[in-house]
Amino acid sequence: MKLSVLFSCFTVIVSLCNGSVVKSRSISPRRSSRFTSIFAFGDSYTDNGSLQSFYTSKTDKIDRTSLRTATSPTIKREADGPLWVEYLAGLMEDANLYDFARSGATANNKLILRYTEDLNAQVNRYLRSDASAVPKDNSLFTIWIGVNDITVLFKKHPVDTTKRQSIVNGVVNTVRYDMEKLRAIGANNILLLGLIPLENLPLYRELTPEAKHQLEKLVSEYNMKLIETMDHFKADNPGVNASFFDTNQLFKKLFNHTQVERNALLHCRKQPDCGDHIWWDFLHPSSKTHAKIAEAIYHYVNSLDW
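Sequence positions in the sequence shown follow mature numbering (1 follows the signal peptide of the UniProt record, and there is no 0) and run -19 to -1, 1 to 287.
Hints are computed from structural coordinates only; laboratory data are not their basis.
With a straight-line cut-off of 25 Å between C-alpha atoms, the simulated SDA-like cross-links for lysine to any residue are:
id, residue 1, residue 2
1, K233, V133
2, K136, Q230
3, K162, R15
4, K198, N154
5, K144, K206
6, K42, S110
7, K91, K162
8, K234, T132
9, K57, D262
10, K233, I208
11, K117, N154
12, K137, Y96
13, K39, R49
14, K193, V133
15, K198, D141
16, K198, L235
17, K206, N222
18, K39, R95
19, K233, H194
20, K198, P139
21, K117, T210
22, K206, F232
23, K39, G167
24, K91, K136
25, K137, L92
Produce the entire structure from the sequences given, and follow the hints as far as they go.
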């Protein structure tokens, strides 16, 4: 990844992200987008609930009405409005959104047990579904996973140990494995998102400075390993369009120290409209924050000229 491109992109992003948030996916696109579909995998930061019936029914057919927020029979989010991937679909001229993400998910349930579909299961459900036949050239594949993995891991291993390092490596290897599975069926545009500064979450406001530092180190280690695995993935797949998006650095550009400290104390408490709050609750970003993430990703992807 070319950091110079990324940081120049952030300079543009910060100036663009200070406006108000539109509470729908019908965001006016900034320029024509070649992507007509987005396939999203991850956890509650990405899951808008639109494929709930798809998962519970065990069907292999995607209901076309679920591809748009306005027509989906089920929408359930951990936020006060649209998530980043919904905003992104709107920016990309209302691209079809295949939201395979599952709230509560980890990368690999064998490493960190959760009773929901992990990243591997999500990718497998996509591969078995009729959505796998959708043309890949105009499809963007996104993976954003790790919030639950790192949250559980930090609780069990608050300081660095060989065991913790082994689990982090296993999580990252799972991400690489699932990227390879997507590539094998023709996915040619893959965006991998890094973790935000979890140490700034309201969840961790009571931590000592040293404990927060340890969490920051863990998040940084995880993100660096994601960057490394993306570099290796691109080297092994020279024809693929693939990139790592540094969400951690984005947050540090968007929110100053005063904003972070204030919002750690006063999150939105799951209100229907969070206004300027960064967080919807102790763990999840507000819809306005999601809109800023989407804007940043939209401009970053455009800068890559895929």
